[in-house]
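Q: Taken in order, the sequence shown gives residues 2 to 372; the numbers are from the numbering used here.
No lab work stands behind these hints, which were simulated from the structure alone. Incorrect hints may appear among the rest.
Said to hold, decoys possible - Ranges of calculated distance between the beta carbons of each label pair, as one might list FRET restraints: (1) Thr-306 <-> Ser-171: 17 to 27 angstroms; (2) Pro-264 <-> Phe-91: 41 to 51 angstroms; (3) His-227 <-> Thr-75: 48 to 58 angstroms; (4) Phe-337 <-> Arg-365: 10 to 20 angstroms.
Bear in mind that the values here come from a model prediction, so they are computed numbers and not experimental data. Glycine included, C-beta positions come from ideal geometry on N, C-alpha and C.
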Amino acid sequence: MYGEHPSVTYFGLLPITPQYATDRRVRCVCRSDIAVSPSLRCVNTDHDVLIEDAWVVRATVPGDRMPYSRTRRTDVDHPYRGVAARHVDFDDIVQRAHALSLLLCDGCAISHVSAAGVRGFPLPRALRLDRALHVSVPRPGRAPRIAGVHGHSIELDPARVERALVVAPSTREALPVPLVDEPLTLLTCATQLAQPDLVALADAMLWRATVERRPDPMVVALELAHGRPGFARLARAAPLRRAGVRSRAETLLRLMVASAGLPEPVVAHPVRSTERSPETWRAEADLAWPQFGVLVEYEGDEHRTSRRRFTTDVRRFERYADEGWRAVRATRDDVFDDPRELMSRLERRLRQGGWRPHSRWRRRQVGPAIA
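Sequences and hints are given; from them, build the entire structure.
A: This is the structure in structure tokens:
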């Protein structure tokens with residue numbers, strides 16, 4: 002059932018079938034880290050998928066149409082035993098997940114951190130580089146035993162399995178992949194992720210749900226979690242999530258600020274120009290303490306490598322200064338290497354803005370986050 006059959010399945014580029022395109026159970030997963038073709042879009046109400054005839058997906062072809070000798074040639078890849086394919090990018094989790102889905106039985110789905118990775122949600126680097134995929138089957142089914150696969154037997158309602166079209170980052174193809182839905186993804190990830198990373202995942206899901214005008218997956222996940230593994234971690238992470246967070250580093254930085262004992266900042270605080278500025282502008286600070294006139298902007302590597310982004314950053318910080326904000330710039334090293342200097346600087350800026358902690362207050366030392 003899981004790759005033990007001697008036949009080999011070959012998959013290549015074929016036009017999408019009308020039955021798949023019109024199935025209302027099919028959902029378009031729009032990853033935030035790649036550009037999605039305008040011919041593939043998702044209607045948020047009932048998740049219809051509109052696909053032009055030119056759009057292609059990888060689809061199965063009966064194994065008897067390809068001689069076995071052809072599957073043994075050097076230009077054919079074997080991502081899993083029983084699957085033959087050409088030009089598979091093994092670093093692309095979407096292509097690996099689609100190749101594995103050809104071996105799975107009905108009701109099985111990609112789950113845990115693998116489902117989060119396929120959907121494009123942020124994960125620690127060690128999990129992003131892990132090529133093993135997690136697959137769940139409904140109880141009492143036996144967990145799959147395939148090389149490069151972590152099998153799980155869980156309570157899996159068929160309604161929690163989505164047949165998703167996911168755009169592969171390496172080829173821009175829309176590939177069908179069976180995934181557990183976002184609430185169950187969050188619940189299964191709670192057994193694998195540390196608390197800060199679980200909060201970052203919840204923030205990312207909340208941000209995407211807000212953009213797509215869907216309910217918060219955390220609410221449904223807590224309803225599913227009673228009596229199941231991961232419930233305690235999920236319950237602790239739920240009150241820590243915030244709307245408006247746009248990156249994993251912002252979540253980790255916000256949690257560091259709280260761990261250091263500093264006041265909790267406002268996420269995505271709008272900053273507008275006043276009569277102090279010669280021009281009209283509007284910006285959103287990653288983290289801000291408006292009552293103290295302090296804000297923090299996290300700047301990843303793209304802020305340095307992009308000339309346009311760098312110029313925009315310089316102009317924005319000059320505008321902050323014109324409005325009287327005490328702006329602090331946080332870099333990757335401040336979050337993932339040594340946050341002590343950043344926390345000390347934030348404390349000084351907050352005190353300069355009028356923050357007065359009680360006499361016995363001492364800033365707690367915090368360690369770096371896991372990249």
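Q: Against this structure, judge whether each hint is valid.
A: Results for each hint:
With their beta carbons about 21 angstroms apart, Thr-306 and Ser-171 fall inside the hinted range of 17 to 27 angstroms. At roughly 46 angstroms, the beta carbons of Pro-264 and Phe-91 sit within the given window of 41 to 51 angstroms. One distance hint, 48 to 58 angstroms for the beta-carbon pair His-227 and Thr-75, holds here, with the actual separation near 52 angstroms. Hint check: Phe-337 to Arg-365, Cβ distance near 19 angstroms, so the stated range 10 to 20 angstroms holds.
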